[in-house]
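Numbered according to our numbering, the sequence shown spans residues 1 to 179.
A couple of the hints might just be wrong.
What the hints assert, rightly or not - Here are the simulated DSS-like cross-link-like pairs (lysine-lysine), alpha carbons at most 30 Å apart as the crow flies:
hint, residue 1, residue 2
1, Lys125, Lys146
2, Lys150, Lys96
3, Lys136, Lys111
4, Lys146, Lys101
5, Lys101, Lys125
6, Lys96, Lys35
7, Lys146, Lys111
8, Lys101, Lys111
9, Lys136, Lys150
10, Lys129, Lys111
11, Lys129, Lys101
12, Lys136, Lys146
13, Lys111, Lys96
14, Lys129, Lys150
15, Lys96, Lys146
16, Lys96, Lys129
17, Lys150, Lys125
18, Lys129, Lys146
19, Lys111, Lys150
If you are wondering where the hints come from, they were derived from the structure by calculation, not from laboratory data.
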Amino acid sequence: MSEADGASPREIVVEACRRDQPHLIDQVIASMNDKTNEQVAEFFNGVTDSMGNYALHICAMYGSYDTMDVLFDIEFFECDPQNRLDRDAPLHIAVKYANEKDAELGLAMIKMMTEAGCDPRVRNKGGLKAENMLLKSNPQADEIRKVLAKAEYMYNEGIHAAEEERRMEEEGGSGSESD
């Protein structure tokens, strides 16, 4: 898919997320070499499919681990957007994927997502956190629960914020992601 084929960068990103094609994300990023990191992030943070799912939701829905990994490399990338229908965050979708499709891949995505800063405390329209959606029949339920509990503990203790501030200081930034 390319612009010559009539596909917009937004359509290319959605397709990359559906089919786990990280090289397509790299192509879109390369085509934005005249943009600032903030502008690149703003574009990727605004990509949704027709159902109101953001790029990370789509990756989690289809088990697109490698594409998800590339998205997390984008500076200022939003990792907790809530979709239009159920107000699910990407972690909610990853737990559904682990319940319904592939428990091991779901666990791997959830680990990556929490390490990248996805917040397990986010609640959907029904008031549920991702952990609340975990089925006991999921063979990885105990491990997923541990990963989510550890991430929630880190957020509650402010550990993620402290690590982000330290990283920004090392890079010469201000420690704040204000627009």
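*Give me the numbers of the hints this structure contradicts, sorted from smallest to largest.*
6
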